Structure formats: C-alpha cells, structure tokens
Amino acid sequence: MLGLVACGRGTKEDIVAKARDISRRADLERVLGKPDDITKLGPLETWRYKASNGEVIFLIVGDDVTLQAAGGGDKAK
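For the sequence shown, the numbering used here assigns the number 1 to the initial residue and increments by one for each residue that follows.
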C-alpha cells in the first residue's frame, strides 16, 4: 500500500503543476502530502517527492517555498 502513495503522485510534471502557485510550506504539504525525504540544515529544508519518472525537489526557507526543481528519470543517449 505504501508504494501506491509515491506512484499515485504521478509524473514530475504533475507534481510541478499541482505546486505551481504555492509559496508556503503548509500549503505545499496540504496539496502534495508529506515529502518522501526531508533534509534540514538550519532554517533551510529540502523536500523531495518521488514521481513515476524521477523526483521533484522543493527548497524551503522558514515557511517559504523558494525553489523547485525536477530531475532524474532521463536516460543519457
């Protein structure tokens, strides 16, 4: 059942679309749920959400979502 949660988020593009206008930590968690991984360094947090084709990373400072990036899943040609 736990595996369905991560897969249920969809693709990187789905996650980014859902979080497009979000600027606060509480809103991000409300829309996407708890992240798959959190890394903390002082007031800086990195939230990682696994997608079916990689991952999406959000950089959070205090309560503000300041940056998002999508990566992984692409094979080198």
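Keep in mind that the hints were calculated from the coordinates and are not lab data.
The structure presented is a predicted model; accordingly, all values stated were derived computationally and were not measured.
Check before you lean on any hint, since a few could be wrong.
[Stated by the list, open to error] Here are the simulated DSBU-like pairs of lysine-lysine, each with C-alpha atoms no more than 30 angstroms apart in a straight line:
no., residue 1, residue 2
1, K40, K50
2, K34, K18
3, K18, K40
4, K18, K50
5, K50, K34
- Item | Pair hint outcome, K18 versus K50 [Cα-Cα no greater than 30 angstroms] | 14 angstroms, holds
- Quick one, are K40 and K50 close enough, alpha carbons at most 30 angstroms? Holds: K40 and K50 sit about 18 angstroms apart, inside 30 angstroms.
- Restraint check for K18 with K40, where alpha carbons must lie at most 30 angstroms apart: 24 angstroms, holds
- If you draw a straight line from the CA of K34 to the CA of K18, is it 30 angstroms or shorter? 14 angstroms, holds
- Pair hint outcome, K50 versus K34 [Cα-Cα no greater than 30 angstroms]: Distance ~11 angstroms between K50 and K34 Cα, so the pair holds.
Every hint, counting from the list given before, is met by this structure.
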